[in-house]
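J.: In the order they appear, the protein sequences are chains V and A.
Following our numbering, the numbering of the first sequence begins with 2 at its first residue and continues without gaps.
Following our numbering, the numbering of the second sequence begins with 2 at its first residue and continues without gaps.
Read the hints as simulated data drawn from the structure, not as lab findings.
Some hints here could point you the wrong way.
DSBU-like mimics (lysine-lysine), calculated; alpha carbons at most 30 Å apart, straight line [said to hold, decoys possible]: (1) K313(A) / K94(A); (2) K217(V) / K94(A); (3) K346(A) / K217(V); (4) K346(A) / K454(A); (5) K94(V) / K454(V); (6) K454(V) / K454(A); (7) K97(A) / K217(A); (8) K313(V) / K217(A).
Per label pair, the in silico range of CB-to-CB distance [said to hold, decoys possible]: (9) K97(V) / D314(A): 29 to 39 Å; (10) P459(V) / R59(A): 21 to 31 Å; (11) R64(A) / T436(V): 30 to 40 Å; (12) D272(V) / E308(A): 32 to 42 Å.
Cβ coordinates follow ideal geometry from the N, Cα and C atoms, glycine included.
There are 2 protein chains.
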Amino acid sequence: MTSRPLWFDDLQALMPTAVVTQEAVIAPHLEESRGRFQGACGAFVQPQTVDQVQRLMRFCADRQIPIVPQGGNTGHVGGAVGRADGVLLSLSKLNKIRAVDPIGGTMTVDAGCILQTVQQEADRHDLLFPLSLASEGSCQIGGTLATNAGGVHVVKYGTMRDLVLGLEVVLADGRIVDGLSALAKDNTGYDLKHLFMGSEGTLGVITGAVLKLSQKPTARETALFSCESMDHMLSVFHLFRRHFGDGIEAFEMMPRFGIDLALRHTEGARDPLDHEHAWYGLVDVVAYGPTSDLTDRLMGALTVAIEQGWVKDGVCAQNLTQAQAWWALREGMSAAQKKEGGSVKHDIALPIAQVPAFMTAAAALVLSLCPTARLCTFGHVGDGNIHYNITQPVDMDRAAFMALGAEITPALYDLVASYGGTFSAEHGVGRIKRTELAAYRGGQAYSVMQQIKAQLDPQGIMNPEVLF
Amino acid sequence: MTSRPLWFDDLQALMPTAVVTQEAVIAPHLEESRGRFQGACGAFVQPQTVDQVQRLMRFCADRQIPIVPQGGNTGHVGGAVGRADGVLLSLSKLNKIRAVDPIGGTMTVDAGCILQTVQQEADRHDLLFPLSLASEGSCQIGGTLATNAGGVHVVKYGTMRDLVLGLEVVLADGRIVDGLSALAKDNTGYDLKHLFMGSEGTLGVITGAVLKLSQKPTARETALFSCESMDHMLSVFHLFRRHFGDGIEAFEMMPRFGIDLALRHTEGARDPLDHEHAWYGLVDVVAYGPTSDLTDRLMGALTVAIEQGWVKDGVCAQNLTQAQAWWALREGMSAAQKKEGGSVKHDIALPIAQVPAFMTAAAALVLSLCPTARLCTFGHVGDGNIHYNITQPVDMDRAAFMALGAEITPALYDLVASYGGTFSAEHGVGRIKRTELAAYRGGQAYSVMQQIKAQLDPQGIMNPEVLF
Numbered sequence: 002m003t004s005r006p007l008w009f010d011d012l013q014a015l016m017p018t019a020v021v022t023q024e025a026v027i028a029p030h031l032e033e034s035r036g037r038f039q040g041a042c043g044a045f046v047q048p049q050t051v052d053q054v055q056r057l058m059r060f061c062a063d064r065q066i067p068i069v070p071q072g073g074n075t076g077h078v079g080g081a082v083g084r085a086d087g088v089l090l091s092l093s094k095l096n097k098i099r100a101v102d103p104i105g106g107t108m109t110v111d112a113g114c115i116l117q118t119v120q121q122e123a124d125r126h127d128l129l130f131p132l133s134l135a136s137e138g139s140c141q142i143g144g145t146l147a148t149n150a151g152g153v154h155v156v157k158y159g160t161m162r163d164l165v166l167g168l169e170v171v172l173a174d175g176r177i178v179d180g181l182s183a184l185a186k187d188n189t190g191y192d193l194k195h196l197f198m199g200s201e202g203t204l205g206v207i208t209g210a211v212l213k214l215s216q217k218p219t220a221r222e223t224a225l226f227s228c229e230s231m232d233h234m235l236s237v238f239h240l241f242r243r244h245f246g247d248g249i250e251a252f253e254m255m256p257r258f259g260i261d262l263a264l265r266h267t268e269g270a271r272d273p274l275d276h277e278h279a280w281y282g283l284v285d286v287v288a289y290g291p292t293s294d295l296t297d298r299l300m301g302a303l304t305v306a307i308e309q310g311w312v313k314d315g316v317c318a319q320n321l322t323q324a325q326a327w328w329a330l331r332e333g334m335s336a337a338q339k340k341e342g343g344s345v346k347h348d349i350a351l352p353i354a355q356v357p358a359f360m361t362a363a364a365a366l367v368l369s370l371c372p373t374a375r376l377c378t379f380g381h382v383g384d385g386n387i388h389y390n391i392t393q394p395v396d397m398d399r400a401a402f403m404a405l406g407a408e409i410t411p412a413l414y415d416l417v418a419s420y421g422g423t424f425s426a427e428h429g430v431g432r433i434k435r436t437e438l439a440a441y442r443g444g445q446a447y448s449v450m451q452q453i454k455a456q457l458d459p460q461g462i463m464n465p466e467v468l469f
Numbered sequence: 002m003t004s005r006p007l008w009f010d011d012l013q014a015l016m017p018t019a020v021v022t023q024e025a026v027i028a029p030h031l032e033e034s035r036g037r038f039q040g041a042c043g044a045f046v047q048p049q050t051v052d053q054v055q056r057l058m059r060f061c062a063d064r065q066i067p068i069v070p071q072g073g074n075t076g077h078v079g080g081a082v083g084r085a086d087g088v089l090l091s092l093s094k095l096n097k098i099r100a101v102d103p104i105g106g107t108m109t110v111d112a113g114c115i116l117q118t119v120q121q122e123a124d125r126h127d128l129l130f131p132l133s134l135a136s137e138g139s140c141q142i143g144g145t146l147a148t149n150a151g152g153v154h155v156v157k158y159g160t161m162r163d164l165v166l167g168l169e170v171v172l173a174d175g176r177i178v179d180g181l182s183a184l185a186k187d188n189t190g191y192d193l194k195h196l197f198m199g200s201e202g203t204l205g206v207i208t209g210a211v212l213k214l215s216q217k218p219t220a221r222e223t224a225l226f227s228c229e230s231m232d233h234m235l236s237v238f239h240l241f242r243r244h245f246g247d248g249i250e251a252f253e254m255m256p257r258f259g260i261d262l263a264l265r266h267t268e269g270a271r272d273p274l275d276h277e278h279a280w281y282g283l284v285d286v287v288a289y290g291p292t293s294d295l296t297d298r299l300m301g302a303l304t305v306a307i308e309q310g311w312v313k314d315g316v317c318a319q320n321l322t323q324a325q326a327w328w329a330l331r332e333g334m335s336a337a338q339k340k341e342g343g344s345v346k347h348d349i350a351l352p353i354a355q356v357p358a359f360m361t362a363a364a365a366l367v368l369s370l371c372p373t374a375r376l377c378t379f380g381h382v383g384d385g386n387i388h389y390n391i392t393q394p395v396d397m398d399r400a401a402f403m404a405l406g407a408e409i410t411p412a413l414y415d416l417v418a419s420y421g422g423t424f425s426a427e428h429g430v431g432r433i434k435r436t437e438l439a440a441y442r443g444g445q446a447y448s449v450m451q452q453i454k455a456q457l458d459p460q461g462i463m464n465p466e467v468l469f
């Protein structure tokens, strides 16, 4: 912040309360959580009203100043990294819950609301906002919208775009698209909200949203089980589909190596089953209403899976503490992996039926390039979404492994594409996957995306270098 | 077809098998189902391949020839009315089911597939394609995509856009956007499919889609009940939400006058309850798995509703025949209304919590303008979507009533807007609601829509006069 841009004083004069200059406040907004990007900023702006955002956008449009919108700064792909020649626009102070409609099951919020705050507010009305992420304590609604966040409940409730009825957006030229509709059905021309959701701040700034709240289940049961193969894991998933339909709230998988890491690096972690197995599944099922036979139904499904030979061992949680301990294993996987050395990570998704064949082919590919690689491939298998993470071999130093990783990644993405999959399931493109976006996004889609970008942000000031 | 456009012979030479000239084949494609629009066409084209569609689009783009895409021609808003100076592009012959993935739960189809064919194919794999409309025997997937169709199952499964994973579109200039992805999660830039869904053929021609299939419920129970007020109807809806969560598959309402019409004009129809009541609710609930206590749970919920005083009388269907008879009353409402004289119809939606207050205000408004109007207001109350239909008074002739209707409609739409509702819930805008689109679509959304239209269809040849 030592050399400020020429326009800084004008901006400060325009909105003195929104322009923040304390370096201690600004510093945490410049570094991305994984430490991969160190940003800068010509000005750090924290508007408290939509009107301020609009005035900021007009100011920047007049002077062609780049704007990088930032939510909770919890992303992994360099999507909210500030620039020395631009404004870093933090939505943190635009953080009010505007309205709750418990009868209609909607909540209207500012973009800067923390996800957990929204979850708690819904709970207060005996309703559920189901989006659930590792970063829910700090990520913001605006960020989850701009990146179409996913997480562990997608198998039942969908991704963030499925949880939204209306959106308020300030465009690059300062126009406000006020689409804060709370309607379940509204066929009146183009659905603009879906264009902004997932656009990673490159088309405008999301300032508010009407969120859909779900009924809160009255029963939730958790099971942990083991499978010898991914084929069996998929068979269990489909058995659960038949038994519970859309009552499956989460269906996650972990490899034995992931369990080993969690046991090694997580305080108080315990091996969940008596013996070691190749793969572990973790499933939550839910039910509604005053009475429930959910425990019996879960036992019943697990019994069938064992009889079929798909499950080697499986347990239903005796209580919430046990369920939480299993979930802590799953949620602790990334942190545990970090303590084990360097990681080469891939956030991929496949058509669900392709997951077993892909996993076999991918392991062969990775091990052919790095024979001692340790595969920590876990994730949301019910959505076909695998965090295909590779952990540094014990016999290789970090730098050598990371260099090798740079060779593995493109080969893996080619393999993913050959199975009809995607190189970005839920984390987005940001700065780090722009090459892949241009390479893999099918047919003419990329050029249409460029046309839309050029039309809505003709000066290219919205989050430059992200996506394109 | 007597005077053909100058370009006709060139087009016929280009695709002789696709250009159809028999008037008997063409005639049914020119009139809209309600008889409100009589179209024409310079050429009637029925491509059998996506390649033919692409060649047609290039041909038309070169010569600035208007193109009107048409599916099953079951719409109500003039969205697929051919023009004498253009091509009427029927997707009827592009009607193959390309692939079914029963494990992944997806079906890839041509746009011209009939909805019912898709439902039946899903059923063959013990899966469900849940979109359900009165016109499902003749409407086509492409049309349901282009209009984001709704129907009776939206309360559980969402509208058509929620049932799609990937989309194949031929743009106005012949470029093909091949987005036939079968992924539950794919965050790679702008979500283009949602832009085309609901765009009513104004941005391109949808030629194929990857549809999401759902698990087929193993139990389905139906109840019919009566309420004295819409407040009570809403209380019942929320009671059912608490008891069944997303196990409510349909939640419909009918007024006594609608029941009267159905009884009068439907062969074999019987009054469902012993006494007459102001409002009737019709609900389907579903469950999954090998065992089910759904009947008991439905009885339980209904009992609570009666104890609370929200329901005056209610019955669970004893068998499928009884359930179907009740559904026939609901589905027969439009046809019965037609036999009673002229109708002024409105396809509106409101935030659900606003429905009771709106219904009171709307009745007062309509009766102030037409004191003997008969209100046949029924529909998908679980989505806040009311078919606000007004039937010709017995003491007024059709022409006078329809003239009065032209005064009632704008006043009603203003009222709808004042309650945060929409003038088009599921039928779309087409030609008949263009004025309303310009008037009510909030803030800058309309101008952004125009920008996108201008960018993707710069010559304005895609379905001119629809939306704009």
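J.: For each hint, tell me whether it holds in the structure or not.
T.: A quick look at each hint next to the structure:
| no. | hint | verdict |
| --- | --- | --- |
| 1 | K313(A) / K94(A) | 51 Å, violated |
| 2 | K217(V) / K94(A) | 46 Å, violated |
| 3 | K346(A) / K217(V) | 36 Å, violated |
| 4 | K346(A) / K454(A) | 29 Å, holds |
| 5 | K94(V) / K454(V) | 27 Å, holds |
| 6 | K454(V) / K454(A) | 14 Å, holds |
| 7 | K97(A) / K217(A) | 23 Å, holds |
| 8 | K313(V) / K217(A) | 28 Å, holds |
| 9 | K97(V) / D314(A): 29 to 39 Å | 45 Å, violated |
| 10 | P459(V) / R59(A): 21 to 31 Å | 28 Å, holds |
| 11 | R64(A) / T436(V): 30 to 40 Å | 39 Å, holds |
| 12 | D272(V) / E308(A): 32 to 42 Å | 50 Å, violated |
When each numbered hint is compared with the structure, violations occur for hints 1, 2, 3, 9, 12.
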